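Student: Sequence:
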Amino acid sequence: MRLHRLIAILLLMESRGVIKARDLAQALETSERTVYRDIDTLCEAGVPITSSSGPAGGFCFMEGYTINMKELHCDDIVNLFLSGIGIRPGEQTEASINLKKTILKLENSLPSQYIPDIRTARKRFYFDPAMWWEEKPPIAHMDLLRRSVWKSKKLNIVYTRSSMDMSETSSRVVCPYGLVVKYMDWYLVAFCEKRNDIRVFKCERITETAILEETFSIPEEFSLESFWKKWTKNFKDIVS
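The sequence shown begins at 0 in numbering that gives the first Met the number 0 and counts up one residue at a time.
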């Protein structure tokens, strides 16, 4: 949506000071022509944006103008980023409540001309994550899982591993490297001390969770995206 781009431009200009049109276009995955149109729209709405030429030039706010980014904290920025890449927290979780607070902070920082558009969008668009014939129960301990990933703290989990003919429950200590959402299922990617290897745990099968005080470091060469793509390919090869 265009409104999302306008908000992103404001945030980028606030955080970087001066930014070129091509850098905005690259960050927003759009064309420079679209960026120029969006800048014109913001100027028409009363946002004091100026431009300068040269190697160090670009777009920036006029001196003294701010959109109250100081009201947004680190957690707020992370919430916006996760929302922007399509990761939505579960209903009534701490993350869901914090995301709503973050969006409210951002709305209060925008020019008044955009408030009616935001209210209209909220009324006319709705995201329903539930499947038609099966309602997934909320994932227990989701907030704890997110917190342990973010704080790089080890977890003690109780996990139920299902197979064709039986279910096996075990307790293990893991180093949570990251969380992945595939369709509407959450997965924990973690180094398992019991198996001495990186394993994938379906979050809905984690029945108990306790965050330990011990922290860990993720290997420099580890990439969550690369690991997940390789793991899913291997998984499909096995089951096909």
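Watch out, some of these pointers could steer you wrong.
Lysine-lysine pairs mimicking DSS-like chemistry, simulated, CA-CA at most 30 Å apart [to be verified]:
1. K229 x K181
2. K193 x K122
3. K122 x K153
4. K193 x K153
5. K232 x K201
6. K235 x K193
7. K201 x K228
8. K19 x K150
9. K122 x K181
10. K235 x K181
11. K201 x K122
12. K19 x K122
13. K122 x K152
14. K122 x K150
Derived DEER-like restraints, expressed as beta-carbon distance ranges [as the list claims (entries may be wrong)]:
15. E212 x M61: 35 to 41 Å
16. F124 x M61: 32 to 38 Å
17. A26 x R160: 20 to 26 Å
Source of the hints: derived by calculation from the structure; they are not laboratory data. Values in this document were obtained by computation on a predicted structure and should not be read as measured data. Beta carbons: idealized from backbone N, C-alpha and C, even for Gly.
Student: Against this structure, judge whether each hint is valid.
Tutor: Verification of the hints:
no.	hint	result
1	K229 x K181	holds (14 Å)
2	K193 x K122	violated (49 Å)
3	K122 x K153	violated (42 Å)
4	K193 x K153	holds (13 Å)
5	K232 x K201	holds (17 Å)
6	K235 x K193	holds (25 Å)
7	K201 x K228	holds (16 Å)
8	K19 x K150	violated (34 Å)
9	K122 x K181	holds (27 Å)
10	K235 x K181	holds (14 Å)
11	K201 x K122	violated (34 Å)
12	K19 x K122	violated (35 Å)
13	K122 x K152	violated (40 Å)
14	K122 x K150	violated (36 Å)
15	E212 x M61: 35 to 41 Å	violated (48 Å)
16	F124 x M61: 32 to 38 Å	holds (33 Å)
17	A26 x R160: 20 to 26 Å	violated (41 Å)
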